[in-house]
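Chain by chain, the residues:
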Amino acid sequence: MSTPAPATARESSASLRGSRAGSAGDSIFSGLALASAVVILLVLAFVAIFLVSEALPAIRPGADLDSPVDSFFEYVWPLMAGTVMAAIIALLLATPVAVGVALFISHYAPPRIAKPVGFVIDLLAAIPSVVYGVWGWLTLAPLMVPIYGWLNEHLGFIPFFAGAPTTTGRTLLTSGIVLSVMVLPIITALCREIFTQTPILHQEAALGLGATRWEMIKMTVFPFARAGIVSSIMLGLGRALGETMAVTMVLSGGIFSWSLIQSGRNQTIPSEIALNFPEAFGMRLNELIAAGLMLFIITLAVNMIARAIVNKHKEFSGAN
Amino acid sequence: MSKRIQANDVDVYYGTFKAVEGVNIDIAPRTVTAFIGPSGCGKTTFLRSINRMHEVLPGAHVEGELLLDGENIYASNVDPVRVRSQIGMVFQRPNPFPTMSIRDNVLAGYKLNGTRLSKARADEIVETSLRGANLWNEVKDRLDKPGSGLSGGQQQRLCIARSIAVQPDVILMDEPCSALDPISTLAVEDLINEMKEQYTVIIVTHNMQQAARVADKTAFFNIQGVGEPGKLIEFDETNTIFNNPSNQQTEDYVSGRFG
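Read top to bottom, the protein sequences are chains P and R. For the first sequence, my numbering puts the final residue at 316, and the numbers step up evenly by one. For the second sequence, my numbering puts the final residue at 326, and the numbers step up evenly by one.
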C-alpha cells in the first residue's frame, strides 16, 4: 500500500480532465448549428447546380432555341430589364414611405398609436400575393388609367411616359406600384426594429447638444441604422424581383419598352416563367430555366453590391 | 459666457410621480457645484431638468421656476432646443457619436446650429476645444478616425470637448467619471477645475472625495423612503458640508453613518 496522498492528487487532477455535467448539450448544440449551416449550403448548391445544368443547353452559343431569336441573350435581356425596372419602381416608391412609417412608429407616435399602426403594416405582409394581383388588376389598374393619360400629356417627353397610354392600366408601372405595397411591410418592419435599437445614449447626446428631434434622427438614428436600412431594402428587392403571381395578374406583358405606361409592353422573368412553364417542353424549358438562372445572378449581384456598400463604412458603423 | 442658475420651488415629475420636491438653489457663475446624495434621491433627475433633458421621457415634466441669469427656461415661449444648446451636458457613460470622426464629433454642435465654418475656423475650434479638454496631444494625429476607437477616458474628454466647443453658459455633468479608471478620472477632475474659469459647472457624483476635490459648493439631496420625493437638504460651501454640516442627515451621509 502506498501513501494515500498521491492517490488524492491523481483523483483531483482526473476531475479536471473529465468533462463537466452539461457539456454534452454544448457539443450537441454546436453539432446542430453546424448541420444547419451545411444543409443551407447544400440546398443552395443543389439549386445552383440544377439551374446551371438545365440552363446550359439554352445558353450555349449556337443553341437551337425554341423562341424566334438568334441567341439566348437576345431573348432574356428584355425580361431582365423588365424585372429590374419593376423592382426599382417598387423600391423607389416603397423605401421613403417605409422609412417614414418606421420612424413614425419608433420615434414620433405615442405608444397607443404606434402599436396599431405597426400591426396594420405587419398585416400587409400576411395578404397572399394572389390577392394583391387581383386588387392590382381589378381596382388599381382602372384607377391608374387617367393618371397615365395625364402623365403622358404633361411628361410625355420623358421616355418613361412616352407612347400611347394604356386603356386598361395593366402596365409595368401598375405592377411596380403593387410590388411596392408588397415590399412595404418588409422594409418597414426591419427599419422599425433597427430604429428602436439606436442607443438612447447617442440620442441624448444629440438632444443635449441642442438638436431638434429631426436633427437627432439624422445625427444618430440614420447613421446607426444605415446598414440595416440597406439590408431591409435588399430583402424588399429580393421580394420584388422574385414576385410572380401579382405581376403575372397585373401586367399585360410584351416586348421591351422604356415606356412604363403602355400595355402589352415589358415582362418580368418570374412572370414569363409562370406564364409559359405549364406548356413548355424541350428547349423551351431550358430557356425558361436559363431565365431563372439570370434572375438568380441578378439577385446575387445586388446582394454583393449591398454588402460592399455596408462594409465600406464599417469603421464608422457604431458596432465598434 | 458663464451664467447664474436659480431654482425657485422646482418640482420634477415622472408622469404623476413626484421625484423631486421643492428645490430652491442659487448657483453662482464660474463655480463648480457638486450634487451628492444616495441613489434615487433625485440629484440626476434635477440635473436633467436644468437643461430640459428631463422632459425627453414621455410624461416627464417640471413645475416651478428655473432661471438662467434671470430668464425662466420653463417659460411657455422658450424652446427647449435653445436651452440645451446653451446648457451643455456630459453624460454618465461616454457617448461620442460612433458614426462620426473625432473632428466631426467636436464640431457636431456647430453643424446643428447651421453655422457655416471656414476650414481654418473649424480647425481652430477643434484644436481649442480638444486642448480645453486636455485631449489634443493624444488625438491630433488621428482626428479623422472614429471617436468610438478611443479609450473610455478619452471618449469622455471628447464628449467634454464636444460640449465646450459651442461655448455654452453652463455645463452639467452626470457622474462623468463613474465609468472611468482612476487615471482618467484624475484627468477629468483636473479639467473640471480649469473649466470653472469660463463656465458654471454642475456635477452629480456618487464619490464624495470627488465632490470634495472639485466642488466649490456642494448640495446634498436625500429621500425619506421609497415612493417619497427627493429633496434638497443642504447647500453650502463644500468645506462646510463635509466638515461642519448644519443638518443631521447631511452629517450622517458624509460621515458614512447613513443607511
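Treat the hints with care, since some could be wrong.
No more than 25 Å apart at the CA atoms, straight line, and that leaves these computed lysine-lysine pairs for PhoX-like [stated by the list, open to error]:
| hint | chain 1 | residue 1 | chain 2 | residue 2 |
| --- | --- | --- | --- | --- |
| 1 | P | K308 | R | K178 |
| 2 | P | K308 | R | K212 |
| 3 | P | K308 | P | K214 |
| 4 | R | K178 | R | K70 |
| 5 | R | K178 | R | K207 |
| 6 | R | K178 | R | K212 |
| 7 | R | K207 | R | K186 |
| 8 | R | K70 | R | K212 |
| 9 | P | K214 | R | K263 |
| 10 | R | K212 | R | K186 |
| 11 | R | K212 | P | K214 |
| 12 | P | K214 | R | K178 |
Just so you have them, the derived chain R footprint on chain P, three or more residues with Cβ under 8 Å [as the list claims (entries may be wrong)]:
| hint | stretch |
| --- | --- |
| 13 | 138 to 151 |
| 14 | 194 to 201 |
Keep in mind the hints are simulated off the structure, nothing from the lab. No residue lacks a Cβ here, since even glycine has one placed at the ideal position from N, Cα and C.
Among the hints numbered above, which are violated by the structure, and what are their numbers in rising order? Those not satisfied are hints 8, 9, 13.
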